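Colleague: Single-letter residue listing:
There are 2 protein chains.
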Amino acid sequence: MAQILLGKAVADARSEDLIGRVEVLKEKGIDPKLVIVRVGEKPEDLSYERGALNRARRIGVETDVRVFQENVSTGEVLDAIAAINEDPKIHGCLVFRPLPKTVDERVICESLAPEKDVDGIGSASMAHVFMNQGSGFAPCTAEAVLAMLKHYKIPMSGSRVTVIGRSLVIGKPVSMMLLNENATVTICHTRTRDLAAAAREADIIVACAGKAGMVGKDFVREDQTVIDVGINVNDEGKLVGDVDFDSVEPIVANITPTPRGVGSVTTTMLMQHVVEAAEMI
Amino acid sequence: MAQILLGKAVADARSEDLIGRVEVLKEKGIDPKLVIVRVGEKPEDLSYERGALNRARRIGVETDVRVFQENVSTGEVLDAIAAINEDPKIHGCLVFRPLPKTVDERVICESLAPEKDVDGIGSASMAHVFMNQGSGFAPCTAEAVLAMLKHYKIPMSGSRVTVIGRSLVIGKPVSMMLLNENATVTICHTRTRDLAAAAREADIIVACAGKAGMVGKDFVREDQTVIDVGINVNDEGKLVGDVDFDSVEPIVANITPTPRGVGSVTTTMLMQHVVEAAEMI
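Listed in order, the protein sequences are those of chains Y and B.
Read in order, the letters of the first sequence are residues 1 to 281 in our numbering.
Read in order, the letters of the second sequence are residues 1 to 281 in our numbering.
Only chain Y is shown next, with the shape it has when bound in the complex (with noise of 0.2 Å):
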């Protein structure tokens, strides 16, 4: 029977402080601000939007949606960016992604000012990621990664971590952070020969490929750590992960459950950077 590592008390605990840091802004005469840019109207867009709005209306932050049609063009959702990059009052833009392909999503990426880069897109977060130096912001599903292994203190330093996913959303830039860390860490794909073995080497596993329950019991061995990223629908319409949490539970120490797990805590991680965008002004 492993501990389960539920979410909401990483995002309770992270909202608390947040709390406290949007009243001293506040007195400032600083409001922080979060815009989400969207395109169409997309289940899991609407899904996750519910959840930032519901979490930045606990902590104090103010947000706008942006929405736009499926058939956008490329300048129209620039000029919306560039709107949001001169707009003082703005401290954070989330752009839901994938956009659709009649948008550049790359050209969006990099228009975004950086300091506004709440989610870690544009390259120059992504290097600031890559690099662990300046300034910048981790896309969030990577930070709720770290936030949930901090809350729970699970050792990285020194620890073995195999990241089960490449990803430049979560595998590539989880795997720099938990480096920067001073965890041990192995990436592996879908070219990856006996992911089994290389996952049992591991002191935590973090699985974020994209795939429906991958992560079953020969992934696994006692007193393992396992992080689950995935958030995918299965046959019967079920929000699974990446794990086949009931197989796995019972080996291991630690498990992420999902839902509950890591995805509750990515939009406290959003806030905190719209928080900590605002307290850099």
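Hints were generated in silico from the structure; no laboratory data involved.
Model, not experiment: these values are computed from the prediction.
There may be inaccurate statements among the hints.
[To be verified] Okay, the calculated beta carbon distance ranges per label pair:
1) Y:Asp223 to B:Asn132: 33 to 41 Å
2) B:Arg106 to Y:Val107: 22 to 30 Å
3) B:Asp218 to Y:Ser47: 47 to 55 Å
4) B:Gly20 to Y:Ser247: 36 to 44 Å
5) Y:Asp104 to B:Glu105: 29 to 37 Å
6) Y:Arg58 to B:Ile281: 51 to 59 Å
7) Y:Asp223 to B:Arg57: 57 to 65 Å
[As the list claims (entries may be wrong)] Computed footprint of chain B on chain Y, listed as stretches where at least three residues anywhere in the stretch have a Cβ under 8 Å from a Cβ of chain B:
8) 18 to 26
9) 124 to 133
10) 163 to 172
Heads up, the beta-carbon is just placed ideally off N, CA and C, and yes, glycines get one too.
Fit chain B to the known structure of chain Y by using the hints.
Modeller: Using the frame of chain Y, we list chain B on its own:
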């Protein structure tokens, strides 16, 4: 008895290709040119510079060296970089590092135009390596490691690679480049527990910790390829790598010597970047 992977064969093969490309450029009226910025007279800088100038002469790349006194200010170096950025006849610039303490090294690195940053010192170049997107140049030493593996047909895709060292000059970029080649990469460092075991798991070991002879016979097993990036001066004043060559060579399948290994390829990669930069114009 291992196959000894000599750098010269790699450098010669790449140089042949570059000589042809320089001829094509010159027919178009473009003379590829590298400027080296050096502060002081450090023996290792002078030694690398001699190698680079020889390689440039052989390939047909023009060169110029801008030398500053040890007590130079950040502003003076910045002015030199600005002039290099503005000069359309200069295609690439190499800045010897570390710079003296009187100079803000990060400011200098960021000031160089990304399209002339042929040794990948700026954050735009780093972001390119990390994201595997857009244009930019990787650090030449990291590129030299991949050139060695490719030349000697050591398979990277699907292989396990243990990188020992996590510097921005070599460890982190080479890890990302190997990952982009579909290797499964483990990044180790001073805080890694049981480094020898992590090394033994690998098909390929890339030693870039900067510690003379640290990779000993307990780090290796048969069938491995050992790439030694370290260049250290030992107690007897002799150039030695991070690998204890004499004890490792009899065990493994392939190994690079020091000197005459990876170090012999870096100046050729530098020239390749200058030629590529000139070709992009």
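Colleague: The structure should be examined with respect to each hint, and the outcome stated for every one.
Modeller: Results of checking the hints against the structure:
1. For the hinted restraint 33 to 41 Å between Asp223 of chain Y and Asn132 of chain B, the CB-CB distance of approximately 34 Å keeps it satisfied.
2. Between Arg106 of chain B and Val107 of chain Y the Cβ separation comes to about 27 Å, which falls inside the hinted range of 22 to 30 Å.
3. Roughly 52 Å separates the CB atoms of Asp218 of chain B and Ser47 of chain Y, a value that falls within the hinted 47 to 55 Å.
4. Between Gly20 of chain B and Ser247 of chain Y the Cβ separation comes to about 58 Å, which falls outside the hinted range of 36 to 44 Å.
5. The supplied range of 29 to 37 Å is met by Asp104 of chain Y and Glu105 of chain B, whose beta-carbon atoms lie about 34 Å from each other.
6. Between Arg58 of chain Y and Ile281 of chain B the beta carbons are some 54 Å apart, a value that agrees with the proposed interval 51 to 59 Å.
7. With their beta carbons about 59 Å apart, Asp223 of chain Y and Arg57 of chain B fall inside the hinted range of 57 to 65 Å.
8. Residues of the segment 18 to 26 of chain Y with a Cβ under 8 Å from some Cβ of chain B number 0, which does not satisfy the need for three, so the listed coverage is violated.
9. Only residues whose beta carbon comes within less than 8 Å of a beta carbon in chain B count, and the segment 124 to 133 of chain Y has 8; three or more means the coverage holds.
10. Remark: the segment 163 to 172 of chain Y is confirmed as covered by chain B, as 3 of its residues place a Cβ nearer than 8 Å to a Cβ of that chain, reaching the required three.
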